[in-house]
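Participant: Here's the letter readout for the chains.
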Amino acid sequence: MKALLVCEQREGKILDTSYELVAFADRLGAEKVLVLVGKDAPKVDAKVYLADVDKFGEYNPDLHKQVVLEAIQKENPDYVVFVHSSYGWDLAPRVAASLKVGQVSEIVNIVDGKFELALCNAKLRRTVSPKGARAVLTIQAGAFNAVEASGSAQVEAIDAAGSTKLQFVGYEPAEKKDVDLGRAEIIVSAGRGVGKKENVSIIAELAKAFGGELGASRPVVDAGWVAHSHQVGTTGQTVSPKLYVACGISGAIQHLAGMKKSDFIVAINKDKDAPISEAADVMVVADVLQLAPVLMEKLRAA
Amino acid sequence: MKVLVCIKQVPDMESRFKVNGSGDWYDEADLAYRMNEYDEYAVEQAVQLKEQLGDAPDVTVLSIGPDRVGDALKKALAMGCDRAVHVQDPDSCRKDPWQIADIIASFAKGKDFDVIFTGMQSQDRGSAQVGVTVAERLGHNCTTTLVGFGYADGVVTAKRELEGGVKSVVKLPLPALVTCQLGLNVPRYPTLPNIMKAKKKEFLTVPAADLLSEQPAVATEKLYPPVKTGSAVVLEGDLAQIADRLLGILKEKTTVVK
Ligand SMILES: Cc1cc2nc3c(=O)[nH]c(=O)nc-3n(C[C@H](O)[C@H](O)[C@H](O)COP(=O)(O)OP(=O)(O)OC[C@H]3O[C@@H](n4cnc5c(N)ncnc54)[C@H](O)[C@@H]3O)c2cc1C
Chain A
1 MKALLVCEQR EGKILDTSYE LVAFADRLGA EKVLVLVGKD APKVDAKVYL ADVDKFGEYN
61 PDLHKQVVLE AIQKENPDYV VFVHSSYGWD LAPRVAASLK VGQVSEIVNI VDGKFELALC
121 NAKLRRTVSP KGARAVLTIQ AGAFNAVEAS GSAQVEAIDA AGSTKLQFVG YEPAEKKDVD
181 LGRAEIIVSA GRGVGKKENV SIIAELAKAF GGELGASRPV VDAGWVAHSH QVGTTGQTVS
241 PKLYVACGIS GAIQHLAGMK KSDFIVAINK DKDAPISEAA DVMVVADVLQ LAPVLMEKLR
301 AA
Chain B
303 MKVLVCIKQV PDMESRFKVN GSGDWYDEAD LAYRMNEYDE YAVEQAVQLK EQLGDAPDVT
363 VLSIGPDRVG DALKKALAMG CDRAVHVQDP DSCRKDPWQI ADIIASFAKG KDFDVIFTGM
423 QSQDRGSAQV GVTVAERLGH NCTTTLVGFG YADGVVTAKR ELEGGVKSVV KLPLPALVTC
483 QLGLNVPRYP TLPNIMKAKK KEFLTVPAAD LLSEQPAVAT EKLYPPVKTG SAVVLEGDLA
543 QIADRLLGIL KEKTTVVK
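Keeping their order, the protein sequence lines are chains A and B. So for the first sequence, my numbering puts the first residue at 1; every next one is plus one. So for the second sequence, my numbering puts the first residue at 303; every next one is plus one.
What the hints contain is simulated information worked out from the structure, not anything from laboratory work. What you are looking at is a predicted structure, and each value in this text was computed from that prediction instead of being measured. There may be inaccurate statements among the hints.
[As the list claims (entries may be wrong)] For lysine-lysine, the following DSBU-like pairs were computed, each having C-alpha atoms within a straight-line distance of at most 30 Å:
no.	chain 1	residue 1	chain 2	residue 2
1	B	K413	B	K376
2	B	K553	A	K165
3	A	K260	B	K530
4	A	K242	B	K352
5	B	K413	A	K197
6	B	K320	B	K352
7	A	K197	B	K530
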């Protein structure tokens, strides 16, 4: 069995998730070949096809697709594997469509040789298997522990012909932060479960009573209830405080990815089965709007 | 300009999910359904594009599924789409993303849609494949995960969201397909007058069998609730007692609560 691993870089830096692809291939027991549009090859004892980023562009899926298809031609892999990231989910379906093969998205585990996926916000799981001899796969970022970057790649330059009408204009850096959640020892975060903007102040007060900072899940930020600098998660900040209190947060993968390294996690949620319970040390089953005032009173009295 | 928006109806994610009798999907009984969150942004962006260009553009909203998806389509009409297409498929949950994309591409083929909007993924299945696959099938320029959309002179300017708060800007000429991320805009609520107006709008139905030509590419083996590996202490019941116990635990287990 052979896996072609499609690695990722941004502005000259290979992304660490590339080493999660290697870990996944090892779990599969597959022979691995890597391909990257970039400058330098990842550090791994394997063959790496390297396409020049100056020619193929930082983000140009039409051209990157041609590079991947070229590598597939040369290697004839059983699986073509991407990370389920802004790069991978954009590129993988293009490759699958060109090959007319099935794609399995966001694999979280391998169970009896089948791929396990999460469904309905991780409230259900299912195993699937592709029907044809070849398939495109994407793996959930963080689900397969990255191997260490070490080894020396056998680098082979790769070229491909293609055309595109897409124009990459450039990057916009992350917004400036008015709060540094990365340094906070205690974070109390508000999720959509707090219900409305006015209620966020209750969670902010609770954060203060704990002596911590206010965090938030994405919908709270998207709705404009708090600034983006408070967002925890893949598209927000990654945090690792001594105490994280998730208020009315369901525990979607993208939120968990940002906070699961916290030392101690308390979830306050009306739903005992909310996926956050898997990450939590204490699962408080309650209406956070009712519990918060009681908690605050006791914290202030202490 | 001709615009297509593809939407899905999904269960409310706060529901309790049970595996169905045949073990291959969730039990659809007793679930409340709504428009897929990501698709609400897609509908809103299509309507905003129409408003930007004057009333000339013509926006078709399409959904595949059983009768109940008519509700999601009616909401999209009330938000400002011009016509709805219901691709009738009581068995849509058993179609894989490859087949769903096939149905949409077959419908769109030859209809010269200039811009197609989809959500970046569905909330239940989350494959993030359908939009991009449709674009590939139709030969449209395509980009994903939009948190910003602009249009001028035949060119879409898209702001894509990357990891860690970084964004990138991409330009793509028409015809284009874009997939929409949360926070792209603020989806409007249908007002009562617009709900009334929507009742008079064109509502077409097409059987899925007329459009589908592909076999599934991926087979579901088994569906099951997650194996609980978490070891959380669960606190329930009286609020004052919960608060006392929680603070007791925090004093014992952390160094930051005293
Ligand atoms: C590419 C991508 C990137 C993303 N990046 C991020 C990110 O960085 N950060 C992030 O957070 N999300 C991110 N998301 C979104 C993520 O998938 C979820 O949509 C989001 O995390 C859900 O937020 P939530 O838990 O607050 O809301 P919901 O999922 O709606 O959950 C609300 C919870 O509140 C509970 N609840 C309701 N009322 C009460 C009450 N009164 N008291 C107590 N509990 C209550 C409910 O039981 C439920 O569990 C991203 C998504 C994508 C696709």
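Participant: Evaluate each hint against the coordinates.
Facilitator: Do the hints match the structure? See the list:
no. : hint               : result
1   : B:K413 with B:K376 : 22 Å, holds
2   : B:K553 with A:K165 : 60 Å, violated
3   : A:K260 with B:K530 : 16 Å, holds
4   : A:K242 with B:K352 : 49 Å, violated
5   : B:K413 with A:K197 : 43 Å, violated
6   : B:K320 with B:K352 : 41 Å, violated
7   : A:K197 with B:K530 : 33 Å, violated
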